[in-house]
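A.B. asks: Mind the numbering: the sequence shown is residues 1 to 206 in our numbering, read in order.
Quick caveat, the hints were computed from the structure, so don't treat them as lab data. Be careful, since some hints might not be right.
So the derived label-pair ranges between C-beta atoms look like this [as the list claims (entries may be wrong)]:
{"no.": "1", "residue 1": "D119", "residue 2": "Y32", "range": "30 to 40 Å"}
{"no.": "2", "residue 1": "A177", "residue 2": "D63", "range": "28 to 38 Å"}
{"no.": "3", "residue 1": "E122", "residue 2": "L84", "range": "17 to 27 Å"}
{"no.": "4", "residue 1": "Q45", "residue 2": "S22", "range": "38 to 48 Å"}
{"no.": "5", "residue 1": "P80", "residue 2": "S22", "range": "13 to 23 Å"}
{"no.": "6", "residue 1": "H116", "residue 2": "C34", "range": "21 to 31 Å"}
{"no.": "7", "residue 1": "A19", "residue 2": "Q110", "range": "18 to 28 Å"}
{"no.": "8", "residue 1": "D62", "residue 2": "T147", "range": "37 to 47 Å"}
{"no.": "9", "residue 1": "A179", "residue 2": "H88", "range": "30 to 40 Å"}
{"no.": "10", "residue 1": "K71", "residue 2": "E126", "range": "18 to 28 Å"}
{"no.": "11", "residue 1": "C34", "residue 2": "S12", "range": "17 to 27 Å"}
Quick list of in silico lysine-lysine cross-link-like pairs, BS3-like style, CA-CA up to 25 Å [claimed, not checked]:
{"no.": "12", "residue 1": "K112", "residue 2": "K145"}
{"no.": "13", "residue 1": "K180", "residue 2": "K143"}
{"no.": "14", "residue 1": "K56", "residue 2": "K141"}
{"no.": "15", "residue 1": "K180", "residue 2": "K112"}
{"no.": "16", "residue 1": "K180", "residue 2": "K71"}
For glycine and all other residues, C-beta sits at the position ideal for the given N, C-alpha and C.
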Amino acid sequence: MTLSQPEQLLPSGFDYHPAVISLDKSIALYDYLCEQLIWQQPRIQVFGKYHTIPRKQCFIADDDVVYSYSKQTLNNSPWPAPLLAMRHRLQRTYGFDFNALLVNWYRDGQDKMGWHSDDEAELGQEPCIVSISLGASRKFKIKHKVTGQQYELLLQSGSVLVMHGDSQQLYQHALPAQAKVSGGRINLTFRTVGQALTKAYSNGRK
1 MTLSQPEQLL PSGFDYHPAV ISLDKSIALY DYLCEQLIWQ QPRIQVFGKY
51 HTIPRKQCFI ADDDVVYSYS KQTLNNSPWP APLLAMRHRL QRTYGFDFNA
101 LLVNWYRDGQ DKMGWHSDDE AELGQEPCIV SISLGASRKF KIKHKVTGQQ
151 YELLLQSGSV LVMHGDSQQL YQHALPAQAK VSGGRINLTF RTVGQALTKA
201 YSNGRK
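Using the sequences plus the hints, can you model the full thing?
C.D. replies: Listed below in structure tokens is the structure:
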């Protein structure tokens, strides 16, 4: 996995690398994961009411990992061979022990993710989250929590977005609905849960 220099149009803590995985390989992996993963669509509580999330998800992690968000503890699935190999490559690149992977499947442009930060206590103060896109291109938005300044990025199949440093403390991010998008997108977010983060983010270069 070779990373190019990150584009500079994003705020500090967000680095985007297009075309890290070839288009053919990224689409093949998308098709494989659609068929092989055990997908769930849980209901979460928002302002006292329960809603089915507008996407499907699968949480892949080591046996000893416990992770929850929106007051829901996720059930762990074992690592499929292609994602385990990807995990090992990312660990060598970034120096973090990525022991968990949250996979979101946006089946079409109606599926979405609202504004949020990945700031759960289990992830630590300054988590490094590596986000890989497979399938249809989708808009990704970033918003400063205080100033409200927004940034927009088109996440393409085979691209890598790295969120690190104070990105989760200072910003929220979202994947809005896009009615004109008919294809599906899978998002792989590698993360470290419940362990001390002892190595600094290296910007993808050793």
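A.B. asks: Now tell me if each hint is right for this structure.
C.D. replies: How the hints compare with the structure:
Taking the beta carbon of each, D119 and Y32 are about 31 Å apart, inside 30 to 40 Å as hinted. The hinted range of 28 to 38 Å is satisfied by A177 and D63, whose Cβ atoms lie roughly 36 Å apart. Checked against the hint of 17 to 27 Å, the pair E122 and L84 passes, with Cβ atoms roughly 21 Å apart. The hinted range of 38 to 48 Å is satisfied by Q45 and S22, whose Cβ atoms lie roughly 41 Å apart.
In this structure the hint that P80 and S22 lie 13 to 23 Å apart at CB holds, the actual value being about 20 Å. Range check, H116 to C34: about 24 Å between beta-carbon atoms, so the 21 to 31 Å window is met. Distance hint check for A19 and Q110: the Cβ-Cβ separation is about 27 Å, which falls inside the suggested range of 18 to 28 Å. Between D62 and T147 the beta carbon distance is about 38 Å. The supplied range of 37 to 47 Å therefore holds.
The hinted window of 30 to 40 Å between A179 and H88 holds, with their beta carbons roughly 38 Å apart. With their beta carbons about 24 Å apart, K71 and E126 fall inside the hinted range of 18 to 28 Å. At about 35 Å, the CB distance of C34 to S12 disagrees with the hint of 17 to 27 Å. Simply put, K112 and K145 have alpha-carbon atoms about 20 Å apart, close enough for the 25 Å limit, and the pair holds.
For the suggested pair K180 and K143, the alpha carbons sit about 23 Å apart, so the restraint of at most 25 Å is met. About 20 Å separates the Cα atoms of K56 and K141, which keeps this hinted pair within 25 Å; it holds. Between K180 and K112 the CA atoms are separated by roughly 13 Å; this keeps the pair inside 25 Å, and the hint holds. Between K180 and K71 the CA atoms are separated by roughly 32 Å; this puts the pair beyond 25 Å, and the hint is violated.
In this structure, the hints that do not hold are numbers 11, 16, in rising order.
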